[in-house]
Each structure stands twice: as C-alpha cells, then as structure tokens.
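Colleague: Protein chains in written order, with my numbering: chain A, 1 to 142; chain B, 1 to 486.
Just so you know, the hints here were simulated from the structure itself, not pulled from any lab data.
It is possible that part of the hints are untrue.
List time: in silico DSS-like cross-link candidates among lysine-lysine, alpha-carbon distance up to 30 angstroms [what the hints assert, rightly or not]: (1) A:96 to B:123; (2) B:446 to A:126; (3) B:446 to A:71; (4) B:315 to B:285; (5) B:343 to B:285; (6) A:71 to B:268; (7) A:86 to B:446; (8) A:71 to B:285; (9) B:343 to A:80; (10) B:479 to B:123; (11) A:88 to B:446; (12) A:110 to B:446; (13) B:479 to A:110; (14) B:446 to A:80.
Quick partial rundown of chain A residues pointing at chain B, CB under 8 angstroms, derived from the structure [claimed, not checked]: (15) 118; (16) 123; (17) 133; (18) 142.
The beta carbon of each residue, even a glycine, is placed where N, CA and C say it ideally should be.
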Amino acid sequence: MTRSSRGYETFEHTADIGIRAWGSQFSELFEEAGKALFSVLVNLKTVSPSQKIKIELNRESGEELFLAWLKELLFIFDAKHLFLSKFKIIDLNLGKLTAEVEGEPIDRGKHILGKEVKAITHHQFKLVQDKAHYFAEVILDI
Amino acid sequence: MQTVKEIPLKKIDDYRWEIPRDFDPGMRVPGRIFCDEKLLESVRKDQALLQVANVAHLPGIVNYSLAMPDIHWGYGFPIGGVAATDPDQGGVISPGGIGFDINCGVRLIRTNLSFSEVQPKLKTLVATLFNQIPCGVGQSGEIRISQTERAKVVTQGAKFVIKKGYGVEEDLQYTEANGCLEGADPDTVSERAYQRGADQLGTLGSGNHFLEVQTIDKIFDSEAAERFGLREGEVTLMIHSGSRGFGYQVCDDFLDIMRHTLNKYHIKVPDVQLACAPLISPEGKRYIAAMRAAANYAWANRQCLMHLARNVFEKVFSRSWQDLGMHLIYDVAHNIAKFEEHKVNGKEKLLCIHRKGATRAFPPGHPELPEAYRDLGQPVVIPGDMGRNSYLLLGTSQAFDETFGTTCHGAGRVMSRAQAVRMSHGRSIEQELEKQGTIVMARGYKGIAEEQPAAYKDINDVVRVVHEAGIAKRVVRMKPMGVIKG
Chain A
1 MTRSSRGYET FEHTADIGIR AWGSQFSELF EEAGKALFSV LVNLKTVSPS
51 QKIKIELNRE SGEELFLAWL KELLFIFDAK HLFLSKFKII DLNLGKLTAE
101 VEGEPIDRGK HILGKEVKAI THHQFKLVQD KAHYFAEVIL DI
Chain B
1 MQTVKEIPLK KIDDYRWEIP RDFDPGMRVP GRIFCDEKLL ESVRKDQALL
51 QVANVAHLPG IVNYSLAMPD IHWGYGFPIG GVAATDPDQG GVISPGGIGF
101 DINCGVRLIR TNLSFSEVQP KLKTLVATLF NQIPCGVGQS GEIRISQTER
151 AKVVTQGAKF VIKKGYGVEE DLQYTEANGC LEGADPDTVS ERAYQRGADQ
201 LGTLGSGNHF LEVQTIDKIF DSEAAERFGL REGEVTLMIH SGSRGFGYQV
251 CDDFLDIMRH TLNKYHIKVP DVQLACAPLI SPEGKRYIAA MRAAANYAWA
301 NRQCLMHLAR NVFEKVFSRS WQDLGMHLIY DVAHNIAKFE EHKVNGKEKL
351 LCIHRKGATR AFPPGHPELP EAYRDLGQPV VIPGDMGRNS YLLLGTSQAF
401 DETFGTTCHG AGRVMSRAQA VRMSHGRSIE QELEKQGTIV MARGYKGIAE
451 EQPAAYKDIN DVVRVVHEAG IAKRVVRMKP MGVIKG
C-alpha cells in the first residue's frame, strides 16, 4: 500500500457511500475518519472553523468507541448545525476518548454542500491494524 | 461476512420466484420474490437475495420472506423487503426491517392546472419551490416546535400541525392511518432524537428525497382516474420525504439496544443488522412506541411540506389552493411496521407487518381506506426517477392474500453514486433533462448527477411486474416537469 501515513477516502456502495480512514496512530485514525465523514456532508475546503467543542466518550472496546465517535460527530452536525473540519484527539486509551473538534455554523452562501448522512451503519464495518497502520471502513446511510 | 454463494431460485411463474427453505437450515420460511427475468439480472448484482434468505431466519416469521421487484441491497433487510411476524409464535420486531428513515413515504396532490397553464410559468414555479421549501444538507425549517409541543407532534402526527394551520382536516382522511399511529410514546424517544428533529419539520432532506411537479401522461384506468379527479395533461405534485434526523436517531438508538439483547432472548440472526427483539418484550414494545412516534413525525413533516408547496402555487398562480383544486390524493408510508389482521392458514391473525421500501396496497372494501375510495382500493403512490415516470396504482385483493397487502415502492438504484457521477463526466444532466422538458434544481454539488435517471431501474418495468402479478393495478402515469432536491 503506497499511502501516506494518515489519510482518508470515500468508496462506492450501491445506494450509499463508504468512508475509509487510516493512520499510524489510533488517534490519527479517529481524526481522519472525522474528516472523511464531513467530506461527504460538505466540501471541507470551504469550512473555516470558528467554534470549538470538547467531546468525551467512554465505550467497552476500540471498535465501539470508533463508531460512537462518528455517531457523536454526526449528532453535533445535525443538532448544532455545525460543519466540523478540525478534529484533535487529546487523549485516547482503554475505550476512553477526549477530543476537541472545531467547526463553523452552516452558511449556504459560503459552504459547498454535499449530501445528508442519515446514519453510521455497522454493515461491513472494519477496524484493523497492520504493522504500520490502523485502518477502518464504515458505510454511511445516505 | 457471509460467503456469497449462488442463491437457488425456483421459478413459480413469470413474476414469482422462490428461495427454497433448504437453501439455509436457519430459514424458517421460504423467500418469495416478485420479479421478471429482466429485473432479476440487476437484482442478482448485489446481495439483496441473500438478504431475503437472511430475513427468513427471524423468529415468528409467517408464510414467506417477501421481496418486491424494486428490491435492492439494504442494511439487514433488503430495500423492497416485507416480513410478517406473529406475536403468538415468538415473533420479533426488527428496526432494520423498517429502516433508518422511519415512515419515509410519498404523497400525491392533484391540481386543476393543465400542462399548458403551468409550462410558461414552470421556471418561476420550480425556482420559488426551491427557495421556499427547505431542502439539502443541514437546512433548518421555519416551523419551530416548543418543548411542550414536541410530545404532541409525535403522538398526534399530521393532525397536530393541521391544528397549527398547516393544512385542513380533510387532508387527514387521505393520509395512511389518518396521519397518526396510535400508541406512540414520547418517553421512549431519546433526547438526541428530539434534538436532531427540533427544527426539521417541513424540510425535505437530501439523497433521493424530492418534491416534483408532474403532468399526467397516461391513463390506464379511466374510471378510477376520473374518481380521483385525474385527467391526462393535468398537473400533479408529488412529495417524497420522511422522519428526518428524528427517525434516523430512533432507528440508530434501538439497533444499538437490540444488538445487545439478542443473547438475552436467544435469538440467532445471520447478520447483526437484523438485530431484533420479541414483539412482546420490553425492548420490542419500547421500539414500537418510539417507531410510531417517528412515523407520526414523518406524517407531520409531509403535511408541512404540502402546506408550503400549496402556498407557493397560490403565489405563482395568484389563486387559492382550493381554487387550484390542490387536494391530497393520498399519502403512503413505505418504511414502517404495523399491526394488521391477515389470514394465515385460513385463520385471522394479528401480525406485525414490516415494510421496508414497500407500500401497503389494501384491497377494495378494506375498512382502513378513506370512504371516498373504499370501493376502488387503496391509492398507492409510486415515485420513479426524475427523468422517467411516477405512478398512481390501486391495491388489490390478490396483494392482500399474497403479500400481506403490499406492493413495490419505487424504482430502486442500480448504480452507485460515484459510478453515476463518473458516467455523467463532461455532461450536464441538468441540461439533458431540461431538453426533455424537466427542470431540476438541487442544493448538493453532485446531487443531480448522482440521482440521474440512469442510476435507477426503469420504474415502468417495476410497475409492469406488480400490475401483471396482480399485487397492484395501474391507474395513471405521471411525467416529471420540475424537480427540487436536496
């Protein structure tokens, strides 16, 4: 795999869209997945963060925590109407996460809109680790 | 992940196919697919048939795991899947058998306007609809509900917003379940769902949701069409939306709960997205109460959307909506579970019917139908893609006997979004549609390319199958004139 040490992309799925993220650290994987999710909702280049939100999550496993993280981000978007573009994991271990995310209220004159994400699904969810990377795939319901 | 093996299909007749029970020892009933050879080719391209077989594993499933001709791959259940479960036989309810967009559905509104009256004003009409009807990612609605009102929206549905001025009593008669399912419990809904839905009433959403101005281009049953006040060359309005963030969150919350209670109830399912709980269990009952709340939210939403659209027509044509004859023909849910009486082995049983991307199609005479159409059968509204057609059908006795009174719900995708965008590279789908006479406006930057006609099955093929199979019959066909999308 000739990939940079961290990154994200989207992939095809019949009616929906998949996101794929990777990083050399577990925390990087989370940060990249956050970007991947919001890249579906908006053109990230058009977002300039002006608000900061702190997130704290607790789950039984790394996999559960990863899904909970994406669900939390989608909730912030839908309930607070913020396009998030910066994701910083401050602390992450043993199913516990502290993060700071930054975003900007939706502005139709400024942001290039993508599409609505209904849900983070568990279908074909994958979170794996090889020698150099953490790697995850999630399918979004559109 | 399950291994994909060739699914054996036994041909029953030209429109019926069966997945025998012995395909998988876990199947409690066979699978039955309503389809023809032509549509079967695209059905076989994804894992939808395997999902039909998986659904047959659900405890308490009765007769068949059913699939409509617009079947395609979904989460757990296929889209276009139908399953009836019997509470007396350990029957379960599965949130995946309803879908994330609880009570996603369609409503059809007639007008007195002819194609030639609308055509000169079409651009203004579509642009005004686009400006006045909130659509697309993250768009809030104007309609705000207070903390005390939110429980009323989810327990009263369309009726509540009508009391607030968004429509008239008469609209309720022409809405499935009169726009409200009894037994919704506001306390079963999470705070997160309320927050996501707080300002989304009267918003269209994105993806395949739309609002469309159409003209009737073909009449199949002139007597029924006349009864609905539908004539060739006249204009109709169609709205496709659901329960927005509110419903998505309800589904997500309960998938999570039921994922963790499978062991408690000793339920084995081949796919975790089929997570479910017995109908009579506390978890099952709570989901049913929350699902009903979301269904009611969706009916309130479509009611508000229709009200906003009527206002736009009034403004553009300088006549009242009553004068324009903008009566609701019918509103159908196509992602829902309901308790209904059906015959099983000659005996009346109360069953829980899951319809996921499938539409109720009750026969003439059924007491749940509006009095004005009761002798005709239930109006069934079937949307197609934005380049081809949409339909009004009627429910039949055969559907009642064979499919628990259910038929198809739409065209069904055949192409991924990325593939559709690639296919349209260097072309303007918008201009191509305009040449055909359809004006499309969308918020999202790839929305039109992703939703282009080629990405969908031909609705005419899907509807032909249900008509020929006898599980609905064609009344009129519409052609899009103007479409707004998220």
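Colleague: So, for every hint listed, does it hold in this structure?
Modeller: Outcome of the hint check:
A hinted pair counts as satisfied when its Cα atoms are at most 30 angstroms apart, and residue 96 of chain A with residue 123 of chain B does not qualify at roughly 54 angstroms. A threshold of 30 angstroms between alpha carbons decides the hint, and for residue 446 of chain B with residue 126 of chain A the separation of about 27 angstroms falls inside it, so the pair holds. For the hint pairing residue 446 of chain B with residue 71 of chain A, the CA-to-CA distance comes to about 24 angstroms; that is within 30 angstroms, so the pair holds. Proximity of residue 315 of chain B to residue 285 of chain B is assessed by CA-CA distance (about 46 angstroms); at most 30 angstroms being required, the pair is judged violated.
With a C-alpha separation of about 24 angstroms, the suggested pair residue 343 of chain B and residue 285 of chain B falls inside the 30 angstroms cut-off, and the hint holds. Among the hinted pairs, residue 71 of chain A with residue 268 of chain B is consistent with the structure: their alpha-carbon atoms are about 26 angstroms apart, no more than 30 angstroms. The hinted pair formed by residue 86 of chain A and residue 446 of chain B meets the criterion: a straight-line CA distance of about 24 angstroms does not exceed 30 angstroms. In summary, the hint linking residue 71 of chain A to residue 285 of chain B is supported, as the alpha carbons are separated by about 25 angstroms, within the 30 angstroms threshold.
About 48 angstroms separates the Cα atoms of residue 343 of chain B and residue 80 of chain A, which puts this hinted pair outside 30 angstroms; it is violated. For the hint pairing residue 479 of chain B with residue 123 of chain B, the CA-to-CA distance comes to about 16 angstroms; that is within 30 angstroms, so the pair holds. Simply put, residue 88 of chain A and residue 446 of chain B have alpha-carbon atoms about 29 angstroms apart, close enough for the 30 angstroms limit, and the pair holds. Between residue 110 of chain A and residue 446 of chain B the CA atoms are separated by roughly 17 angstroms; this keeps the pair inside 30 angstroms, and the hint holds.
Pair hint residue 479 of chain B plus residue 110 of chain A does not hold up; C-alpha atoms about 35 angstroms apart against a cutoff of 30 angstroms. Proximity of residue 446 of chain B to residue 80 of chain A is assessed by CA-CA distance (about 24 angstroms); at most 30 angstroms being required, the pair is judged to hold. A distance limit of 8 angstroms between C-beta atoms decides the matter here; for residue 118 of chain A the minimum to chain B is near 4 angstroms, and the interface restraint holds. With its C-beta approaching chain B no nearer than about 5 angstroms, residue 123 of chain A sits inside the 8 angstroms limit, and its interface hint holds.
With a least beta-carbon distance of about 21 angstroms to chain B, the hint placing residue 133 of chain A at the interface is violated under the 8 angstroms criterion. For residue 142 of chain A, the suggested interface contact is upheld, since its CB lies about 5 angstroms from the closest CB of chain B, less than 8 angstroms.
Checked against the numbered hints above, the structure violates hints 1, 4, 9, 13, 17; every other hint is satisfied.
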